[in-house]
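Visitor: Given only the sequences and the hints, what does the whole structure look like? Please build it.
Here the protein sequences line up with chains A and B, keeping their order. The first sequence begins at 1 in our numbering and counts up by one. The second sequence begins at 1 in our numbering and counts up by one.
Because the hints were derived from the structure by calculation, they are not lab data. Among the hints, a few may not be true.
Identical copies carry no separate label here, and so any pair may be met within one copy or between two of them.
[Said to hold, decoys possible] Calculated lysine to any residue pairs in the SDA-like style (CA-CA distance at most 20 angstroms, straight line):
id: 1; residue 1: Lys366; residue 2: Tyr38
id: 2; residue 1: Lys71; residue 2: Ala252
id: 3; residue 1: Lys71; residue 2: His106
id: 4; residue 1: Lys366; residue 2: Pro64
id: 5; residue 1: Lys89; residue 2: Ala254
id: 6; residue 1: Lys71; residue 2: Ala27
2 protein chains.
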Amino acid sequence: MSQRLVVVGGGAAGMSAASAARRVDPALEIVVLEAGGYSAYGMCGLPYFLSGTVARADALVAYPPAFFREKRRLDLRLQTRATRLEPDKHVIHYREDGREHRLGYHRLIVAAGGSPSLPPIPGIDNDHVFTVRTLEDAISLRSLLDAGHVGRALVIGAGYIGLEMAEALVQRGVVVTVAEELPRVMPNLDPPIAALVEEEVRRQGVDLRLGSRVDAIRSTDDGLDALIDGQVVPVDAVVVAAGVRPAASVAAAAGAITGPGGALLVDDSMRTSLPDVLAAGDCIAPYHRVLGRPAFVPLGPAANKTGRVAGTVAAGGEATFPGVVGTAVVKVFDLAVARTGLTLAEAEAEGMHAVATDALGRSRAKYYPGAGPVSVRLVHESGGRLLGAQLVGSGEGVAKRIDVVAVALQAGFSIEDLLALDLSYAPPYAPVYEPILLAAQAATTSARDAAVPA
Amino acid sequence: MSQRLVVVGGGAAGMSAASAARRVDPALEIVVLEAGGYSAYGMCGLPYFLSGTVARADALVAYPPAFFREKRRLDLRLQTRATRLEPDKHVIHYREDGREHRLGYHRLIVAAGGSPSLPPIPGIDNDHVFTVRTLEDAISLRSLLDAGHVGRALVIGAGYIGLEMAEALVQRGVVVTVAEELPRVMPNLDPPIAALVEEEVRRQGVDLRLGSRVDAIRSTDDGLDALIDGQVVPVDAVVVAAGVRPAASVAAAAGAITGPGGALLVDDSMRTSLPDVLAAGDCIAPYHRVLGRPAFVPLGPAANKTGRVAGTVAAGGEATFPGVVGTAVVKVFDLAVARTGLTLAEAEAEGMHAVATDALGRSRAKYYPGAGPVSVRLVHESGGRLLGAQLVGSGEGVAKRIDVVAVALQAGFSIEDLLALDLSYAPPYAPVYEPILLAAQAATTSARDAAVPA
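Guide: Now the structure itself:
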């Protein structure tokens with residue numbers, strides 16, 4: 001009798017898991033329970049669908065359901081939400097067409113993704129308040145935009161998703177207010193780097209309100225009134241981008257051990273603490289190689305990779321996931337903003353003896369047209385071990401430079417090792433001294449200078 | 001009495017050396033002997049000055065001579081060519097204003113750069129035959145172009161400089177023929193990657209003649225006749241880009257030990273075999289970390305770095321240069337072409353058990369506008385140690401991706417380590433699976449598949 005694998009979640013992690021399992025075991029019965037109406041779409045592309053940069057929603061769908069059902073023989077069930085897990089009985093309960101069902105499994109993979117955090121603001125359940133976490137959400141908001149019904153909008157949250165949303169709305173001609181409770185944008189960057197992003201957002205005409213509270217959202221005759229710090233701001237739509245929490249509640253309620261941010265803890269083969277239950281994607285806390293412990297950093301590449309590992313292992317194969325270093329890049333209007341490893345604030349919160357060195361380089365040879373500034377911050381143990389980097393600049397060529405540091409972090413490099421790097425040079429693409437090397441040079445110099453009085 | 005340092009060569013390596021020496025020892029007498037009329041200019045920018053992308057020659061000059069003379073107190077002497085070295089007497093001979101002079105030194109740094117190879121073609125000494133190795137060369141050729149005197153041109157050599165020259169000339173509206181003795185372009189790439197470059201060069205309308213010999217260049221009434229494979233090709237100018245040799249003859253004649261390609265051998269502090277004589281830049285063979293021995297790879301970043309080390313050490317400081325991995329990138333019309341480490345051919349020539357894995361990725365998320373193909377070749381020990389990579393694609397974002405592999409080579413990574421990399425992702429800048437990771441995946445799969453019958 002064939003074994004049955006049930007995968008909860010049909011996003012990047014879930015479909016990677018199901019596909020990997022199929023490769024390992026052609027005979028396995030594989031059921032995928034997806035709560036929404038779409039599977040395997042590029043969630044990170046939603047802002048570009050809203051902005052119109054991506055014309056049609058189906059362009060975001062990597063493969064249609066028929067592909068998975070026919071080519072990969074996956075029993076993919078949409079509009080099917082897992083509700084309760086009985087690990088001892090090896091049974092998962094789910095809701096479909098308004099009714100509860102139960103399904104036995106030999107192995108289960110929880111790949112339910114993340115849920116948008118909803119601040120407890122009166123009126124946040126209004127129809128014109130959107131969380132853009134699913135393709136359905138984005139299609140609804142885009143319809144409103146296409147119909148010309150959104151002249152003004154409020155974005156709640158100035159993290160990277162909030163700023164992507166602000167950019168998308170500005171591109172649609174919408175007058176945008178962004179309200180953020182913290183005194184700055186992008187809390188996952190150190191303040192001097194975040195300040196560069198803030199400047200760009202304001203330069204693009206966004207009404208950015210930092211240290212601001214949204215107290216209420218109220219329906220009016222022709223839209224909404226948002227109450228921000230006691231001031232009434234009339235808008236046509238609200239986008240909530242106040243962070244993401246792991247969708248781990250079903251597994252956690254069944255006793256699965258959770259860690260940072262409430263995400264599921266897994267071993268390096270993606271096994272949870274529950275027997276025959278694995279997990280992958282945004283609902284887990286993967287091992288962070290610089291922190292040396294699990295961390296909740298929900299990002300696309302790790303969702304794909306952990307999904308593949310979970311599927312391989314669940315089907316009887318062998319695979320491990322060595323962890324993340326926290327690499328991310330985001331486009332904020334004309335800037336590429338990237339980070340990897342730890343910020344100074346994160347390193348200090350961890351009790352590390354860290355310092356930061358800032359340097360300003362260029363994206364190309366000085367004399368080559370289009371050369372722009374590249375700001376680099378290296379975080380390190382006073383000239384010793386490298387802990388992280390942040391990078392801001394304009395142009396496509398800037399974005400991927402963070403990967404140099406991501407590799408160096410994986411290798412456990414010191415600042416000295418970084419200085420020795422043999423990086424590519426040609427006037428159209430780089431200056432002869434790469435911005436990261438300039439920063440490394442500054443880090444050794446300042447470490448040396450700092451060492452004199454000590 | 002103050003000590004005297006003499007630096008032979010005022011290019012990237014020489015001026016880096018002199019500047020570093022000044023930082024270490026404010027009292028040192030520093031004389032720089034530069035054969036040409038310019039110092040410290042961006043030699044790699046010459047093609048972009050020819051094309052008009054860089055409007056004025058002085059934009060290529062990083063700092064004018066007055067800066068070095070006044071701010072850094074360097075005795076910079078232009079039009080001054082070193083002719084003979086007497087290491088036992090600590091004397092360097094040089095020619096200035098047609099006369100021989102001698103100058104004593106305590107330390108000497110040879111940073112004379114590279115000389116263009118001149119194939120023994122009758123007529124190659126014609127006035128309208130150019131080697132574009134110095135700013136003077138480029139200014140002469142550009143004058144001819146600006147005056148509208150170049151309608152057709154021949155480039156001899158299809159290495160990276162030859163192709164940069166071809167691009168520059170095409171941008172000036174010149175009809176360009178490129179003649180290359182080898183059966184393919186860019187001998188420092190493996191054939192499948194070189195083929196992509198060849199295709200682009202032809203697509204741009206260049207008359208590319210591979211496996212071709214230029215037998216003679218003759219003056220005619222209104223220009224030149226190039227005799228190529230027995231066929232007469234009338235042109236207005238010829239650019240020779242047939243490779244570069246280390247300008248090591250003065251030091252070599254004095255007994256300095258040379259290595260690959262006739263380049264000077266140095267230790268990791270840039271000391272040659274001659275007492276008190278150091279060397280840096282394109283005239284040395286730096287240590288190649290993948291080969292595990294010195295190699296002649298004349299490139300800008302190493303010239304700057306080895307210059308800095310030589311200057312620091314010559315002035316009494318401490319510094320070492322850990323070597324190169326052979327990273328380079330070049331723009332060939334609409335393609336970025338990059339390499340690092342060893343090609344398959346180079347690894348095989350070294351007796352290594354190497355294989356190559358090719359993969360085709362994309363530069364951005366599939367649905368994001370402007371996503372283009374990125375071809376990656378990884379060279380590795382059959383799924384084990386990484387030996388090198390080659391990469392071709394369009395767009396600025398492609399160029400710097402080679403640096404990921406450059407870092408991995410320095411770290412001694414295996415294909416497995418590469419697979420574990422946590423690289424940045426955002427739809428405008430990258431696909432969720434980076435092209436290099438796709439290639440690494442293919443490398444393990446093929447290694448695994450290959451392992452089955454064994």
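Visitor: Each hint needs a verdict: does it hold in this structure or not?
Guide: Results of checking the hints against the structure:
In this assembly of identical chains, Lys366 and Tyr38 lie within 20 angstroms of each other by CA distance solely across copies; the values are 18 angstroms between and 48 angstroms within a copy. When the C-alpha separation of Lys71 and Ala252 is checked against a cutoff of 20 angstroms, the pair qualifies neither within a copy, at 33 angstroms, nor between copies, at 67 angstroms. For a Cα distance limit of 20 angstroms, the shortest separation of Lys71 from His106 qualifies neither inside one copy, at 23 angstroms, nor across copies, at 76 angstroms. In this assembly of identical chains, Lys366 and Pro64 lie within 20 angstroms of each other by CA distance solely across copies; the values are 15 angstroms between and 47 angstroms within a copy.
Taking the shortest Cα distances, Lys89 and Ala254 sit within 20 angstroms of each other inside one copy (11 angstroms), while across copies they are farther apart (86 angstroms). Taking the shortest Cα distances, Lys71 and Ala27 sit within 20 angstroms of each other inside one copy (14 angstroms), while across copies they are farther apart (76 angstroms).
Hints 2 and 3 from the earlier list are contradicted by this structure; the remaining hints agree with it.
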